[in-house]
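> First to last, the sequence lines map onto chains A and V. Under my numbering, the letters of the first sequence match residues 1 to 382, in that order. Under my numbering, the letters of the second sequence match residues 1001 to 1588, in that order.
Keep in mind that the hints were calculated from the coordinates and are not lab data. Accuracy of the hints is not assured; some may be wrong.
Stretches of chain V that chain A covers, calculated by requiring three or more beta carbons in the stretch to come under 8 Å of a beta carbon on chain A [to be verified]:
id: 1; segment: 1054-1061
id: 2; segment: 1076-1083
id: 3; segment: 1097-1106
id: 4; segment: 1533-1540
Note that the Cβ used here is the ideal one computed from N, Cα and C, for glycine as well.
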Amino acid sequence: MSAPVNDHARGGSLMRLRGLVRKEFLQIVRDPSSIAIAFVMPIFLLVLFGYGVSLDADHVPVALVAEAPSADTADFLASLEGSHYFAPVHAFTLAAAEEALREGRVRAIVRLRANFAEQLRRPDGAPIQLIVNGVDANTARLTQGYVEGAWGNWLARHAASLGQELVTPVQLEQRVWFNSELRSRNFLVPGLVAIIMTLIGTLLTALVMAREWERGTLEALLVTPVSMTEVLLGKIIAYFLLGTGGMLLTVGMAVGLFEVPLRGSFWLLWACASLFLLAALGMGLAISAVARNQFVAGQVAIIGTFLPAFLLSGFIFDIDSMPAVVQGITHVIVARYFVSIVQTLFLAGNVWSVVLPNAAALLLMAAIFLGITWRKSRKRLE
Amino acid sequence: MDDAPILEAVGLAKAFTAGGRRTQALDGVSFAIRPGVVTGLIGPDGAGKTTLMRLAAGLLVPDAGSIRALGLDSTRESLAVQAALGYMPQRFGLYEDLSVQENLDLYADLQGVPHAARAERYGELMHMTGLAAFTRRLAGRLSGGMKQKLGLACTLVRAPRLLLLDEPTVGVDPISRRELWAILDRLVKNEGMSVLLSTAYLDEAERCQAVILLNAGRILEQGAPATISARMAGRTWAVSVAGERSRDLQVGLAGQPGVVDALAQGDHVRLVTQAVSDPAQLARLPGLQEARIQAVAPRFEDGFVDLLRTHIGAAGSLRDGDILVDGLPRDADAGEAPVIEVDGLRRRFGDFWAVDGVSFEVRRGEIFGLLGANGAGKSTTFRMLCGLLPASAGTLRVAGLDLRHAASTARGRIGYMSQKFSLYGNLSVGQNLDFFASAYGLAAHARAERRGWALTEFDLADYAGQLAADLSLGHKQRLAMACALMHQPEILFLDEPTSGVDPLARREFWRRINGLARAGVTILVTTHFMEEAEYCDRVAIMAAGRVLAIDEPAALKAAARSPGSPEPSMEDAFIRLAKSAETQEEAA
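Bound conformation, chain V alone (with noise of 0.2 Å):
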């Protein structure tokens, strides 16, 4: 097979124009995709990866510059590119009204396959991706994985040469996003496909041979992730103060001079410098003098948080220390009695059972993680305990309040951050945190005192008289996090609080969620990027509206742990305690 690019792009821009407001999407963007190989498009959301997925395919005509996808110019010649390249939206492109099977039949009269030929490649299909005992299963019925694999086989119903996707792991469990990879790493072998796969989850651009990284619209960087990786050689280490918690480890350290990244890893804290260095130097760090320092190996996303670092510079403009420790009310003989506690706890939608016996307990000050793939039951739970869902069963109190009986008396002593940020687009900010002040029943004046405190606090007094809609994502999540702390909550609720902004506002956005423990708020926080469990005091692993595990992350993670893989990953952690809760379930 020659290397001629499949896919080449040369400055590539495009715009769009929504409200009388301007998006560059993509701005001069450049690039040449190798054949047989999976390349990764890298970036958070708002990047432009969805804009370069739907140019290649002929979807969208650029403004300037060309995109040719096999050999053909994917704007001119867009029938004879969608003829010969598979492409699978985000959410898939399924009739969820139509079966497994009417969807594969959909794609392949639309595909031309030959019906003599259908029997053998539905087989070949369903057989890779594990649906044939579901063919007769509505489309809108299947779990988020089992989507991902019928939208990917309908993709496959004809092999193209290239595929692209986009986005398909968002949301996915991670038993069917290794499934996918494997998949991907089968078709590229041996049927010599090329696919370009878009994503914003960090660690899935090390299975890649190659990745673009995009961010506002531009390339960052294009190569081997190795390659991106080995840049950081020398300046990535693992240091653990004996008796102190990682989590107040890392407040010390970052924003430190010097220090790109500082992230707490279980029992240690992951320390990525500036320059080369060694464990003398880095004992100089405030905090460090008696520290445990082990070099460790670069991650992909070492390099991506030192390119964004440089590229777009400090993020934010953090202060060090403490933050938010903003006199909140607290009652001092609180106690260690738990501020959350849950008991078979169940909640029924039709004859599904949503949440199916839930238990667990949260303490003063506490950082408590649900962790789970979309449909594991985690938003259903975290809307009974904001009482905005009765519950089928099972007891729920919270801030010792019965929220059977005293629902909006506990509501007043929550802050809730939901996935959709919540905020009003066509309100400016400060409307917005008056707003959100007036609706918990905040006095003028201390309304306006908790408005500038959140304009200093989230430095977002710059940008008070702008409206909301027009921030940028990492931004939106703060003026969110804002609203929700107007009243000075003792208890926040966090739902998929950073799901797809960059790494640096979520690194920063974690620095913030820790100031408030530290001031004793107490955290519950859902989420779906594994890796994210590392920063909570404890996490529950949820699957199919159950609790798999409760525990601290590192002790998680060392219950994982077995010969072939010494040091397991919360990934692994949660495919191990899916996989056993599995086989128990079939034994019994």
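Bound conformation, chain A alone (with noise of 0.2 Å):
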């Protein structure tokens, strides 16, 4: 026999992972559809958060009616026309503002009646009308309390003219922390670091282990000398490396483009989306396991890890504000960990008491999630 099998004359393990990681990278950029997950996908979330999506209510078109226009009505009328908030368009009655706000021209009526001026003298005040389309609750809210601040600053400023002063029992002295524009971008930008790790680390990893399947090129790979732990580390290194660098990514646009302050430690931020990349690559593994085919693993990676990373870790809804059952739930979604992590991070600083706690059920997702990787990827095709 020519050429006989000697074990000791085989390259080891380090040579079979080395091949494995290589393969990978060289697929990733070979493959268009791992491209558009772990290059395109991210950049137009970036874009569209940073940019196009925002939670606050701008430019709120708002209808103003003033019945019987006067200096008064006009000072305050004049008040909202300043404030960025409002888009105010004017209307002569109150029936063409209510076709308005039915025909969602405008978002809320601020109605003056004809006797403002005049009430305005009288010891019991002068009503304001308010009305507000309350179909987008959050916009509404929003909407009444700017018209209700709007209205407070114009009547202190209205009795410091008037030499007087406002007589009001109790004074609110507001203070803005940690996102003292309360601008969202700066709430959304961190947190999409938790969705494009999820893309790369479960999705993409499910997919591709899930096409190796369905092509036999595992089949080929398991008549090797190597081991399931090697082709699954294979896999774990290289989207790691990949999923690393969707997280600079992220922060790097995040604190250069959009320029959301970073107030934690840049070091601990790397260490907890580590950890998370782990618990995110342990899904992915985890279900293309036991789904094999890719649409089945594209869907159950959707659905189960990036939809709930969406809506359910806090990265757009205040979990506290979820009623107590979605809360429960959001307790076994990974994202809800780090994004708290990454939100405190990125605008609050280093809190070790909501770091410590999250990076460590991050640590017990991983195992949990690697472990049934591990337990149900053997060497064998059932």
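Assembly of the complex is requested from the two constituent chains, each provided in isolation within its own frame, with the hints serving as guidance.
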């Protein structure tokens, strides 16, 4: 026999692992769907959430109805016009304003009655009618608050101009901490790190692993001296590096382009992101180990991990204002622990009482999902 | 070298459960494979070949029994077995977005081939497979034959003692098939390698030193292929009657008592009898009084068909005489005008011409075959003929209608049966028939009538309530054909209709096709089985999007006759044409 099997001359685990990792990177670079998920989607999401999506009410169209225009009404309305929160539209009658509200041209109506100037000088004061379109509850509440705020400011100025002191028994002194400009971008963009790492770590990993099952390449791999651990490690190393790239891209764009302050430690953020990425990879590999089919794996990854990361992690919607049952569910969503770390590290700083318990949860989740993958992926086809 | 078996199975059994259905893939399989030879694992699709390969490679755990490879237990010592043997799965297990070189590097890394030894080994493998000029090409852009060789090179990157190849030659062109066999013969001879190769092509069995015949999870027979064909000695004949088409002669002979097999082969019918007989006895068969009867050497396929007939009884219960002559509508004055006219047909995908100038004509009642390997452009031509794909250039007329303008009218006169049979697996047989009948716009009473016709004519009445997914491959094929005939088409398009079915089902299928052709239905069929071309009236041989030759099978074979091969097969004819096309191209 010309080529006997002599095991001592064989390259070891390191050679196999290096071969696998190199293969993964070649595939990522050549496969358009990998490039789309790993590079195009993150940039798209960053631009969308950085520039497009805002939870703030800005330039809300409001119809102003002054039934008997006077110096006082003009003065009050001017204070609304000066604010960037509103885009006022003048209506001459209430009926016209109501029409505009119904057609969706304005979100609210501010109505000053004919006797506004007269009532203003009476002890029981002048009423302002505010009609808000409540369909979008979030904007409605914000509009309501802004009009009240504008009214309060105008009243104080008005009193001062008359040389009087506005008598209010309780004074509210407001301070906004952590995000003093109340920019929702500051809060959304950091959370994107979790979304993008879920895309790369879970969706992409589940797809590429399921593809290996589908195309029969894994079958050929398995009948080599490679162990299942090495196959999994090859995937984990490659997609861990790719996911870290996604994290650096997001943090870089958040700080550099969108001017979100990073108040905590970058290295602490990196460490926590790595924990989250391990959990995300564990989920992706566990899904593909069970599904073994790109379509099913993709569906499960999107519905089981990507959508919850979007909706139930506190990325957009505050967990504390969810119903108790839903709040309970959020505890099994890995992204929730990471979103709360990211938002804290970006906007508040190294708050250890937040970071440590959440990091512990991430560690636990990573161990659970990688453990499931380990148990499910035997070197067999069944 | 000692003669201890290199692969040995004892009472091997394996069942799969999917969707509540249990399939016994292997049932009590025992064998021992000698080292230093090529052993063929022969059987139709669903026989259990792949399951057996995977069990040998330690990828599956048997329900019962054991299998040992290279002296190791494949199940308990799977890692050691996998480190020692080479295995090429179906579809070759290549990474299509990696280049030839990158695929080799990956497998060299995985097999732990030291860097110092690589250059030499790569050189040997590239020389052996003829891929040296293509090392930078992506595996996905190689032809089927080149992929097959690259897959083999990857498995051989560290020469294993035992090589398992799962259907390495399916859909691969005949030249590549021959080259693969030459490589295997060399490996066995020079390196003392042992090879187990599974295949559904019966002609490949004769190239093996030993065969295991597998059918429905059980071993029918094992041994040297010569001993299996030797059993047929004195039972195989070539018969022909002057002035009668061999196809017509065959119809009269098939199913006669004492006849195991009757097969149209160019200008004669190949006849296999149940017992040893002589020409005088044969002359008593109907239609053979005036026949020229000649004894011929038995082939492996004769033995296999004989075994199948004795093990599973007569295939179906196909009655004799004309079948399917069921008042198909036809124009009395249709005359000899061609039913299908194709002229200068071309189709481009990106910068690749899948079909590059194809022209042919098919007459009424003719069986016309498109013969070629995967990627030759057969299926693309087909889809354009069915009006499923617009042509990039050229004209297409089907049943007198130009497909550019009247595709849907033309489609109503065409029956189409695709490679994958296109049945609804979760509908019953009856529901499938009803669905296809209504899809072709049959009214309720006509639908019921055609349904009754299909169930009787195709012997499906006992299965009417059964889900299509639960049928055997042969029954699925029958149902697919019945569905394609519900609207009584004048033209029938069959795309690889017999791929993977057992030889008996294939024979039955061709008898039905013959019956239809006799009733005046025009039939266009694609196939990559060279020997199936023999059943056609005329054949177009295709390669790389072009037609190399169009003629009657006997004429094609006659053209390939040379002093070296006085009796060339269809495959020889194909290879000669493909090679001369290549040299012409090089000269140009």
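> Now look at each hint and say whether the structure bears it out.
A quick look at each hint next to the structure:
| no. | hint | verdict |
| --- | --- | --- |
| 1 | 1054-1061 | holds (count 6) |
| 2 | 1076-1083 | holds (count 4) |
| 3 | 1097-1106 | holds (count 5) |
| 4 | 1533-1540 | violated (count 0) |
In this structure, only the earlier hint numbered 4 is contradicted, and the remaining ones agree with it.
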